[in-house]
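*Asks:* Heads up: the sequence lines are chains A and B, in that order. Take any residue in the first sequence, count from 1 to its spot, add 7: that is its number in my numbering. Take any residue in the second sequence, count from 1 to its spot, add 23: that is its number in my numbering.
Derived by calculation from the structure, the hints in this document are not laboratory data. Please note: incorrect hints may appear among the correct ones.
[What the hints assert, rightly or not] Over the 10 Å line for every Cβ pair with chain B, so calculated as not near, a few chain A residues:
no.: 1; residue: Val19
no.: 2; residue: Lys26
no.: 3; residue: Leu50
no.: 4; residue: Cys75
no.: 5; residue: Asn112
[Unchecked claim] Straight line, CA to CA, 20 Å or less: simulated SDA-like cross-link-like pairs of lysine to any residue:
no.: 6; chain 1: B; residue 1: Lys124; chain 2: B; residue 2: Gly64
no.: 7; chain 1: A; residue 1: Lys43; chain 2: B; residue 2: Gly52
no.: 8; chain 1: B; residue 1: Lys124; chain 2: A; residue 2: Glu60
no.: 9; chain 1: A; residue 1: Lys59; chain 2: B; residue 2: Arg132
no.: 10; chain 1: A; residue 1: Lys48; chain 2: B; residue 2: Gly52
no.: 11; chain 1: A; residue 1: Lys48; chain 2: A; residue 2: Cys75
no.: 12; chain 1: A; residue 1: Lys59; chain 2: A; residue 2: Cys75
no.: 13; chain 1: B; residue 1: Lys124; chain 2: A; residue 2: Asn64
no.: 14; chain 1: A; residue 1: Lys43; chain 2: B; residue 2: Gln61
no.: 15; chain 1: A; residue 1: Lys47; chain 2: B; residue 2: Gln61
no.: 16; chain 1: A; residue 1: Lys48; chain 2: A; residue 2: Lys26
no.: 17; chain 1: B; residue 1: Lys124; chain 2: A; residue 2: Glu63
no.: 18; chain 1: A; residue 1: Lys26; chain 2: A; residue 2: Ser101
no.: 19; chain 1: B; residue 1: Lys124; chain 2: A; residue 2: Glu51
no.: 20; chain 1: A; residue 1: Lys43; chain 2: B; residue 2: Lys124
no.: 21; chain 1: B; residue 1: Lys65; chain 2: A; residue 2: Phe71
no.: 22; chain 1: B; residue 1: Lys65; chain 2: A; residue 2: Leu95
no.: 23; chain 1: A; residue 1: Lys25; chain 2: A; residue 2: Gln104
no.: 24; chain 1: A; residue 1: Lys47; chain 2: B; residue 2: Thr47
no.: 25; chain 1: A; residue 1: Lys29; chain 2: B; residue 2: Gly64
no.: 26; chain 1: A; residue 1: Lys48; chain 2: B; residue 2: Pro33
no.: 27; chain 1: B; residue 1: Lys65; chain 2: A; residue 2: Ser101
no.: 28; chain 1: B; residue 1: Lys124; chain 2: A; residue 2: Pro107
no.: 29; chain 1: B; residue 1: Lys65; chain 2: A; residue 2: Leu52
no.: 30; chain 1: B; residue 1: Lys124; chain 2: A; residue 2: Gln104
no.: 31; chain 1: A; residue 1: Lys47; chain 2: B; residue 2: Gly52
From the three backbone atoms N, C-alpha and C, an ideal C-beta is built for every residue, glycine too.
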Amino acid sequence: ETGVTQTPRHLVMGMTNKKSLKCEQHLGHNAMYWYKQSAKKPLELMFVYNFKEQTENNSVPSRFSPECPNSSHLFLHLHTLQPEDSALYLCASSQDQLEPLHFGNGTRLTVT
Amino acid sequence: QKEVEQNSGPLSVPEGAIASLNCTYSDRGSQSFFWYRQYSGKSPELIMFIYSNGDKEDGRFTAQLNKASQYVSLLIRDSQPSDSATYLCAVNMRPNFGNEKLTFGTGTRLTIIP
């Protein structure tokens, strides 16, 4: 596989559920990101990891919890989400921070 | 609040014509500028990046940067129906606090009319 792979592609969860989104990059990049994309709003940066260390937490609610076990894998753990959290969640990677981003296909999340 | 602004469109252009997409940004100190294309239901993909004032050409695409006017544009020559997508402008900005980070505009929806 090449590029940035995200699973699952679609996820429907209730507000009391716990689920995790997974991202894997095969590009040898050092930085990984989580973005949220909602309708008619700009892409919102959530978290940044550079060499496995979190360098950015963009005032994201604690019901979103990232994990980066190594420079190729990134997770987003979800619990007690709200309906307004329904969105497309995009993982991206780049060689270094400030370099062009390569996006995964995203996870379409619906919170019921 | 430092921002990137784009006209949301939709922008309709006849096939074969030049499509011109515009973007303004608020941080005068920004140094890196990117254009991403996003097809409906897909993730963004990088089209062009530009760091220096002037024009940068890649095939049918030309990025234009004017740092004095805080303006970056994307021109698509000989527009094709396959160019119909949303185009996202992204600028590396230094916020009031914290690290420099990539800020996206809301995107311009482009439709090429056969």
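*Asks:* Keeping to a limit of 20 Å between CA atoms, is the pair of Lys48/A and Lys26/A held or broken?
*Replies:* violated, 25 Å
*Asks:* Hey, Lys48/A versus Pro33/B, does the alpha-carbon distance stay inside 20 Å?
*Replies:* holds, 15 Å
*Asks:* Holds or violated: Lys124/B with Gly64/B, Cα cutoff 20 Å?
*Replies:* violated, 25 Å
*Asks:* Is it true that the CA of Lys48/A sits at most 20 Å from the CA of Cys75/A?
*Replies:* violated, 27 Å
*Asks:* Would you mind confirming whether the straight-line C-alpha gap from Lys25/A to Gln104/A stays at or under 20 Å?
*Replies:* violated, 30 Å
*Asks:* Regarding the pair Lys59/A and Cys75/A, is the alpha-carbon distance no greater than 20 Å?
*Replies:* Holds. Lys59/A to Cys75/A sits at ~6 Å (cutoff 20 Å).
*Asks:* Between the alpha carbons of Lys65/B and Leu52/A, is the straight-line distance 20 Å or under?
*Replies:* OK: Lys65/B and Leu52/A at ~18 Å, within 20 Å.
*Asks:* Quick check for students: does the CB of Lys26/A sit more than 10 Å from each CB in chain B?
*Replies:* holds, 20 Å
*Asks:* What's the verdict on Lys43/A and Gly52/B, does the C-alpha distance respect the 20 Å limit or exceed it?
*Replies:* violated, 26 Å
*Asks:* Holds or violated: are the alpha carbons of Lys59/A and Arg132/B at most 20 Å from each other?
*Replies:* violated, 35 Å
*Asks:* Given the hint that Lys26/A pairs with Ser101/A, test it: the Cα-Cα distance must not exceed 20 Å.
*Replies:* violated, 26 Å
*Asks:* Is it correct that the beta-carbon of Asn112/A has no partner in chain B closer than or equal to 10 Å?
*Replies:* For Asn112/A, whose nearest Cβ neighbour in chain B is about 5 Å away, the distance does not exceed 10 Å, so it is violated.
The structure fails to meet hints 3, 5, 6, 7, 9, 10, 11, 16, 18, 21, 23, 31 from the earlier list, while all remaining hints are met.
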